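**Student:** Sequence:
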Amino acid sequence: MNTNGNRQASSVVTLLDCYDELMTVKHLFSGASFIVDALIPSPELDSASAVITAGMTKLDEALQKLDSIRKSAN
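Just so you know, we're using this note's numbering here: the sequence shown kicks off at 1 and counts up by one.
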């Protein structure tokens, strides 16, 4: 039972960890968006760009919520 408790404690993820991970994903999306925009326009790329833009919008929303929770916790 104690070993299980130790495993659980080591796998605890903090709000700051989530925020940092989402920021990393946002930077990856930004890089992907830059690459897509740099390529020759085509219907497939327009679709990919729309998916990336939608993903970035959702990430921004999640980051704002996490930041709000983090600020209210302090």
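Treat each hint with caution, since some may be false.
Unchecked claim - Quick list of in silico lysine-lysine cross-link-like pairs, PhoX-like style, CA-CA up to 25 Å: (1) Lys58 to Lys26; (2) Lys26 to Lys65; (3) Lys26 to Lys71; (4) Lys58 to Lys71.
Said to hold, decoys possible - Simulated restraints, written as ranges between beta carbons of each label pair: (5) Arg70 to Ile35: 15 to 23 Å; (6) Ser72 to Ala32: 27 to 35 Å; (7) Asn74 to Ser33: 31 to 39 Å; (8) Ser47 to Ile69: 15 to 23 Å; (9) Gly31 to Ala73: 12 to 20 Å; (10) Lys58 to Val13: 31 to 39 Å.
In case anyone wonders, no lab produced these hints; they're calculated from the structure. Keep in mind it's a predicted model, so treat the numbers as computed, not measured. The C-beta atom is built at its ideal place from N, Cα and C for all residues, glycine as well.
**Student:** Check whether the Cα positions of Lys26 and Lys71 lie no farther apart than 25 Å.
**Tutor:** holds, 20 Å
**Student:** With 31 to 39 Å as the target window, see if Asn74 and Ser33 comply at their CB atoms.
**Tutor:** With a Cβ separation near 32 Å, Asn74 and Ser33 satisfy 31 to 39 Å, so the hint holds.
**Student:** Can the restraint linking Lys58 and Lys26 be considered satisfied, given a maximum Cα separation of 25 Å?
**Tutor:** Between Lys58 and Lys26 the Cα gap is close to 10 Å, so the pair holds against 25 Å.
**Student:** Could you see if the CB distance from Arg70 to Ile35 stays within 15 to 23 Å?
**Tutor:** At roughly 31 Å between Cβ atoms, Ile35 and Arg70 fall outside 15 to 23 Å, so the hint is violated.
**Student:** Determine whether the Cβ-Cβ distance between Ser47 and Ile69 falls within the hinted range of 15 to 23 Å.
**Tutor:** Given range 15 to 23 Å: violated, Cβ gap about 33 Å.
**Student:** Hinted pair, alpha-carbon criterion (25 Å max): Lys26, Lys65. Please report holds or violated.
**Tutor:** Distance of about 15 Å is within 25 Å: holds.
**Student:** Is the straight-line distance between the alpha-carbon of Lys58 and that of Lys71 25 Å or less?
**Tutor:** With Cα atoms ~20 Å apart, Lys58 and Lys71 stay inside 25 Å; holds.
**Student:** Between Ser72 and Ala32, does the beta-carbon spacing fit 27 to 35 Å?
**Tutor:** Cβ of Ser72 to Cβ of Ala32: about 32 Å, so the range 27 to 35 Å holds.
**Student:** Per the hint of 12 to 20 Å, is the separation of the Cβ atoms of Gly31 and Ala73 within bounds?
**Tutor:** violated, 31 Å
**Student:** 31 to 39 Å was suggested as the range; check whether the CB atoms of Lys58 and Val13 agree with it.
**Tutor:** Cβ of Lys58 to Cβ of Val13: about 19 Å, so the range 31 to 39 Å is violated.
When each numbered hint is compared with the structure, violations occur for hints 5, 8, 9 and 10.
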